[in-house]
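Sequences listed follow chains U and V, in order.
When the letters of the first sequence are read in order and numbered with the UniProt record's numbering, they come out as residues 1 to 111.
When the letters of the second sequence are read in order and numbered with the UniProt record's numbering, they come out as residues 1 to 200.
Treat the hints with care, as some may be off.
[Stated by the list, open to error] Label-pair distances were calculated between CB atoms; the ranges are:
{"id": "1", "chain 1": "U", "residue 1": "Thr58", "chain 2": "V", "residue 2": "Asp159", "range": "18 to 28 angstroms"}
{"id": "2", "chain 1": "U", "residue 1": "Thr4", "chain 2": "V", "residue 2": "Asp134", "range": "54 to 64 angstroms"}
{"id": "3", "chain 1": "U", "residue 1": "Ile57", "chain 2": "V", "residue 2": "Glu105", "range": "27 to 37 angstroms"}
{"id": "4", "chain 1": "V", "residue 1": "Gly163", "chain 2": "U", "residue 2": "Asn38", "range": "24 to 34 angstroms"}
{"id": "5", "chain 1": "U", "residue 1": "Thr4", "chain 2": "V", "residue 2": "Glu138", "range": "28 to 38 angstroms"}
{"id": "6", "chain 1": "U", "residue 1": "Glu61", "chain 2": "V", "residue 2": "Ala191", "range": "23 to 33 angstroms"}
{"id": "7", "chain 1": "V", "residue 1": "Lys155", "chain 2": "U", "residue 2": "Glu2", "range": "15 to 25 angstroms"}
{"id": "8", "chain 1": "U", "residue 1": "Ile28", "chain 2": "V", "residue 2": "Glu64", "range": "21 to 31 angstroms"}
{"id": "9", "chain 1": "U", "residue 1": "Ile57", "chain 2": "V", "residue 2": "Thr188", "range": "32 to 42 angstroms"}
{"id": "10", "chain 1": "V", "residue 1": "Glu33", "chain 2": "U", "residue 2": "Ile28", "range": "25 to 35 angstroms"}
{"id": "11", "chain 1": "V", "residue 1": "Asp134", "chain 2": "U", "residue 2": "Gly109", "range": "54 to 64 angstroms"}
[As the list claims (entries may be wrong)] Covered stretches of chain V, going by a simulated chain U footprint (3 or more residues, C-beta under 8 angstroms):
{"id": "12", "stretch": "47-57"}
{"id": "13", "stretch": "142-155"}
Hints listed in this document are in silico derivations from the structure and should not be mistaken for laboratory results.
All of these numbers come straight from a predicted model, not from anything done at the bench.
Glycine included, each C-beta is placed from N, C-alpha and C at the ideal position.
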Amino acid sequence: MERTQLRRQVALTRQSLFDQGFLDEQFIQLEDLQDDANPNFVEEVVTLYYRDSARLITNIEKALEKNSLDFNKLDGFMHQFKGSSSSIGAKKVKAECTLFREYCRAGNGEG
Amino acid sequence: MFSGDMATAGEILRRSLTDEVGVSKGSVSGSEELHVLAVDDSFVDRKVIERLLKISSCKVTVVESGSRALQYLGLDGEKSSVGFNDLKINLIMTDYSMPGMTGYELLKKIKESSAFREIPVVIMSSENILTRIDRCLEEGAEEYILKPVKLSDVKRIKDVIMGGDGKQKKRRSVRKRGREDRNLFTITIVACTVILIDCV
């Protein structure tokens with residue numbers, strides 16, 4: 001039964017995302033908000049997140065290209081990025097954001 | 001209503017610090033739906049909070065900024081005759097960090113308004129900063145909750161707003177505090193309670 005195998009594959013992939021620390025319990029919260037009346041909720045949120053993240057990353061890249069780094073601006077972007085990552089349970093991204101912000105606060109451009 | 005218990009002493013302290021705590025217990029009957037105005041500049045957070053509220057059987061209006069929220073409430077300075085009776089907002093939940101007008105500034109504007117100061121305002125923030133929390137609570141915020149917001153947060157707030165007196169739930173205004181924070185928090189409350197008792 002291909003379908004069963006596919007389902008198993010999806011379940012395994014999903015579990016490994018948790019095991020590897022990419023996702024945390026907030027993601028489960030979102031999954032719980034999905035039901036028959038709103039079957040695509042998680043997909044919709046994640047799509048929004050990707051769109052939002054792409055925009056933020058573009059802004060961050062532009063800011064990083066400048067000769068003198070505006071750490072406040074960068075910190076602002078990262079605050080937003082961290083916030084939305086936290087809301088969907090993107091644990092690893094959130095951790096990276098935290099680290100990035102620490103560098104910003106220390107004025108550490110190399111970091 | 002409140003016992004002299006330590007956990008609730010903190011609540012007494014907070015309530016005594018604010019002029020009026022806008023808990024509209026009388027105004028929402030069991031059969032009515034709670035109408036919540038949610039304010040957040042993040043697309044993702046707006047989507048999540050909207051769903052959390054809808055799944056908790058609330059009517060939701062979501063806006064992306066403090067100024068939009070004021071516009072919605074009719075508090076933006078445009079002297080239209082107050083039709084707020086039709087709006088019937090029972091609760092406002094706002095993000096703290098927003099560009100332009102912060103959640104704190106929005107809270108102040110709402111509490112300054114005679115028409116809307118009774119509406120409970122909940123602040124949401126990803127940052128667990130004691131001074132910020134105290135400032136919000138002093139300004140009259142009903143609660144300060146940490147992001148990411150969970151369903152249990154929404155359910156708890158809804159119970160409080162709709163008057164869950166029968167339940168023995170301890171209302172914790174800030175969840176997920178570290179042990180150090182909790183100790184500092186406890187010490188502060190004890191100290192303030194002692195001062196309060198002295199004054200009485």
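Hint-by-hint comparison with the structure:
At roughly 42 angstroms, the beta-carbon separation of Thr58(U) and Asp159(V) lies outside the given 18 to 28 angstroms, and the hint is violated. Between Thr4(U) and Asp134(V) the CB atoms are about 55 angstroms apart, so this pair conforms to the stated range of 54 to 64 angstroms. For the hinted restraint 27 to 37 angstroms between Ile57(U) and Glu105(V), the CB-CB distance of approximately 29 angstroms keeps it satisfied. Separation of Gly163(V) from Asn38(U) is about 29 angstroms and conforms to the stated range, judged on CB atoms against 24 to 34 angstroms.
Between Thr4(U) and Glu138(V) the C-beta distance comes to about 58 angstroms, which lies outside the given range of 28 to 38 angstroms. The hinted window of 23 to 33 angstroms between Glu61(U) and Ala191(V) is violated, with their beta carbons roughly 49 angstroms apart. Checked against the hint of 15 to 25 angstroms, the C-beta distance between Lys155(V) and Glu2(U) comes to roughly 40 angstroms, which is inconsistent with it. At about 27 angstroms, the CB distance of Ile28(U) to Glu64(V) agrees with the hint of 21 to 31 angstroms.
A C-beta distance of roughly 41 angstroms is found between Ile57(U) and Thr188(V), which places it inside the suggested range of 32 to 42 angstroms. For Glu33(V) and Ile28(U), the hinted distance range of 25 to 35 angstroms is satisfied, since their beta carbons lie about 27 angstroms from each other. For the pair Asp134(V) and Gly109(U), the beta carbons lie near 35 angstroms from each other, so the given range of 54 to 64 angstroms is not met. Coverage of the stretch 47-57 of chain V by chain U holds in this model, with 5 residues showing a Cβ closer than 8 angstroms to a Cβ of that chain against a need of three.
Against chain U, the stretch 142-155 of chain V contributes 5 residues with a C-beta closer than 8 angstroms to a partner C-beta. That satisfies the three-residue criterion, and the hint holds.
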